[in-house]
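Undergrad: Make the full structure from the sequences, and use the hints.
Protein chains: 2
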Amino acid sequence: MNNINFSNITITGGFWKNRLDINRDVTTVAVKNRFEETGRFKALKCEWKEEMPNRPHFFWDSDVAKWIEGAAYILRQHKDPELETFIESLIDDIEKNQHKSGYFNSFFLTARDEKPFTKRDFHELYCAGHLIEAAVAWYETTGRDRFLKLMKKYSEHIAKIFMDEESADFDTPGHEEIELALFRLYRCTGEERWLNLAEFFLNRRGSSEKDLHCDQPEWMTHSYNQSLYGIRSQDTARGHAVRACYLYCAMADLAAERKHDKALRSACEKLFYDITHRKMYITGGIGSSHAGEAFTRPYDLPNDTAYAETCASIALAMFALRMQQLSCDGVYADTVERTIFNGILSGVSLGGDSFFYCNPLELTPHLKDKDNSVRGNSRNWQPATKRAKVFGCSCCPPNLTRFFASLGNYIYSENDGGLYINQYIPNKLDNGKKAAEISTEYPKNGFVKIKADGYSFIALRIPGWCSSFSINKKYTMKNGYAIIENTAGEITLDMQMRPTLIQASNLVTENCGRAVMQLGPVVYCLEELDNAAPVRALSVNSELSAKIEYDETFSANVIYADGFKLCGDDNKLYSEYTGKKEPVRLKFIPFFAFANRKESSMAVWNRVN
Amino acid sequence: MNNINFSNITITGGFWKNRLDINRDVTTVAVKNRFEETGRFKALKCEWKEEMPNRPHFFWDSDVAKWIEGAAYILRQHKDPELETFIESLIDDIEKNQHKSGYFNSFFLTARDEKPFTKRDFHELYCAGHLIEAAVAWYETTGRDRFLKLMKKYSEHIAKIFMDEESADFDTPGHEEIELALFRLYRCTGEERWLNLAEFFLNRRGSSEKDLHCDQPEWMTHSYNQSLYGIRSQDTARGHAVRACYLYCAMADLAAERKHDKALRSACEKLFYDITHRKMYITGGIGSSHAGEAFTRPYDLPNDTAYAETCASIALAMFALRMQQLSCDGVYADTVERTIFNGILSGVSLGGDSFFYCNPLELTPHLKDKDNSVRGNSRNWQPATKRAKVFGCSCCPPNLTRFFASLGNYIYSENDGGLYINQYIPNKLDNGKKAAEISTEYPKNGFVKIKADGYSFIALRIPGWCSSFSINKKYTMKNGYAIIENTAGEITLDMQMRPTLIQASNLVTENCGRAVMQLGPVVYCLEELDNAAPVRALSVNSELSAKIEYDETFSANVIYADGFKLCGDDNKLYSEYTGKKEPVRLKFIPFFAFANRKESSMAVWNRVN
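Protein chains in written order, with the working numbering: chain A, 18 to 626; chain B, 18 to 626.
These are computed hints drawn from the structure, not numbers from a lab.
Copies of one chain are not kept apart here, so a pair can be met inside one copy or by any two copies together.
Mimicking BS3-like on lysine-lysine, the simulated pairs with C-alpha atoms at most 30 angstroms apart in a straight line are:
id, residue 1, residue 2
1, Lys62, Lys132
2, Lys597, Lys582
3, Lys564, Lys598
4, Lys604, Lys406
TA: What follows is the structure, given as structure tokens:
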């Protein structure tokens, strides 16, 4: 399938229009301000010297590049000459300071004595990848190719060092990203050399003695950065979740180019299956472990210490989008939907100016800030209970801005002359001779109207959560899509949306006897402040009597349902079991909206009685 | 109250006789063999040189001393000339290598270049304390005072360095132990100078600039080793649980000597209350955190990552025994009972030759050995699932041998001419003019027969777990004891013992909706191998229909009760909640017996339906 680029799409209203306006008007500005305060933009001037404040970090170029990429997407649909001029000034800095070889990295060019490409975990190729993505986005937005040329020059240098001369101290990057960026450069320019370079990095992985013996931090294993196996032998998701999924994205990109490579496609499918069937939170969060920000064992999905980095959920959506290129199966868009309404969206506050790095599924403030008698102790790690305006490792905020600004990419694909509708976001598509329009209040309700011109059929994804729906036309089901041949006039899809309790596999031991409230694609949680009790004392009545109410604060439905509150004496550490509980009316709010008010205990998985 | 020393007591049968025979015949021998293999005994010869195997560790003297102390207790009631000769040979080594100043530490005298008493966390005073305890025990067993004299000489040296000259680089030990050992030396010799030295160390704590600024590992806070506050200002249990409770033992010892010191007594009471009402597992395990082996926040009692070191439960029993000196209240012996039948006893295998350092309340083997991508990662720490024959930090095994060999200390106390019976262990007491005898199969059942001569009254502890009992004599209740004035003839106490579900405070969030099966003082658990299902899929029927059956394997009752097993599809990560469960008959085994067969999932706290 070919995914349709958001450039041809105007999002016209509803849930996402509201969020994307906040992304443009608040989040992008807030991130810009933080980057100015912390010296990230200034670092591009390469004027930093020892003992000056704001020592550059080796990942700063990537932060800035992601922000530029997001801003470029915003400018594509929203003029802002001041923003445009500002970005051109950043490109001036890059142009001025790019080494004559083509190399550019503001950290190595200023704060660092070592030679370039000697430290595998110092993110040079990762930063290069993000700069390339930013340059492609800038070119596609403005039509001006200055930035693109600079990054092509850098890419030529990388090809020379890594592919032609093999003179770097490692063969493949410690943090993947360059691979998928080179696919974008290839697709933008049509120049096969970038495809070849991406393919080179991918095929080199797992077979490089240099990578296995290069200098990297002692705690880092070869699983951590996916270096143990060749890409066609990788069948279980391992290591740092963002790195892993960026690699898997590029693997899927390559599989789409090299259709004969069945082993590669099979590896991609196994990895996607392993993640979504064994290692993914119900929110679409992945990488459950704080240690290594990493995947661990199948079904190891603790709620209170969930790492579930925002960037990792974004990377999973990116991977799913690319898997969709390989086969028309609704499971990929289902996974995208799970992430965008839950584990990605929870990464930013409702107001748009503060961020979660981690997205836990349970908060217990009274057990936090442990009375630790061990300094610098990360062994009792607990996620933050409040979103922060700024954090040192600021990968997530600009990843959010660029992701939301290009959310339109996830709506449509085309195949065999048909139009596949993957996400129900109100929009107008104008794809040259073809056009389409979606109107809906989704996920407030499950009613969607679709018009389309010029397609031989329309395929509507019937989400995994949806067990009952009706369509005003004849359709046949195929791989999670309702295929409609008669595309004339308005198509209406009515998905029955009711509060539903979801259970986990018993292998997720912590969730045995618990359930999640879900309404359509939105996962719900209990917060103490709505329920006048620590959430762990609450349980849901298994005979669900739920009521939905639209709540303006969250621009979404809240759910009221019958439940119980334990009546034990909190002051008695141990006493004879009474099981005494009193009926209460529970209020569930969308998970994405948690921790937007006062600090409160919160739980996604709640006991059922 | 005066606790009666076990020397006057012969344990005659029942549950503990069996365990203590194993402690003598198997455990003490197994620990001796391990110590021989690892060079711990040989280290006393102070002949170790660089590049030889078995480099001594700074805590090795304490391991050996605890083992000697245990062996001395065993020899007091069981002749073994070979064992006695072996210990004399160890004393030969100590005598031969003791520095002329009186100093003795096999690590500093061989493996270490630094001057003595320059590193606060290098356990010199801790080792000294254990050597003093061993010397006292040896003297009391054999009547021979050679070892005692050596340790008195060492104690004189310590008094000179720390109290007279203040020439050490710190003022109080980083690991407490010397304080309570000096109380034992004082009580054995009647020499007040040891009481004074103990008091000096105790009063110095929390007011020493040297201690706050001495060289200690970077991760170690002043909370970790109880150095922030003076002893009379310590009212919440903090830091390393063993260190803390050894300190609290000595504080209680001092409070017993200095009866006017109300502030000290109050601090002891507050600490005991804080531990037993907010920071203790139902098994008597304390120190819930792997990081720092430490106390954390109130109610922070996770089951699967419970540290609950065996030594810490022993230290809690020791603290409770000393608190009993301060007031006739059954709560202290209740706590002792909780530890000896659960969190201490679980530290050794049924066979007696392998050991747990940590005593978790839940095991999930399929989530263990995480697919960690971080080397040396202790951030995903999980306790061992099997007892080990040997471990590097071998504090627990010899602590168990000396504890069990002197278990008789916990049975009786005297006060005001009356005899207090704290633990129901079959035994004969011959206390000079007074005598007593207890016959019982406890905890197999709650029936106890008592005879006593020469006491003005008998006080029987009615355990906290017991809600219904009868006594064949008139009695009045006082602070958890049934006081019987008419001591003539046989007294029978019949405690009704029935399987009971216990709940935790809702503040222990993980245990909300769960309960523990308890029978008398014994805490029970489910193991997968008895129940053909991962234990988390099981729940207990709240309408308890339990049956007790005596099991020879465990020398204890097992319990059968109705319950349920979740019927979800383990392969579906998420699916609509059905709550489907089938009735099953559950088999509970004593917690102390867990992990004695095949590796299995295990849980103490189970859901109730």
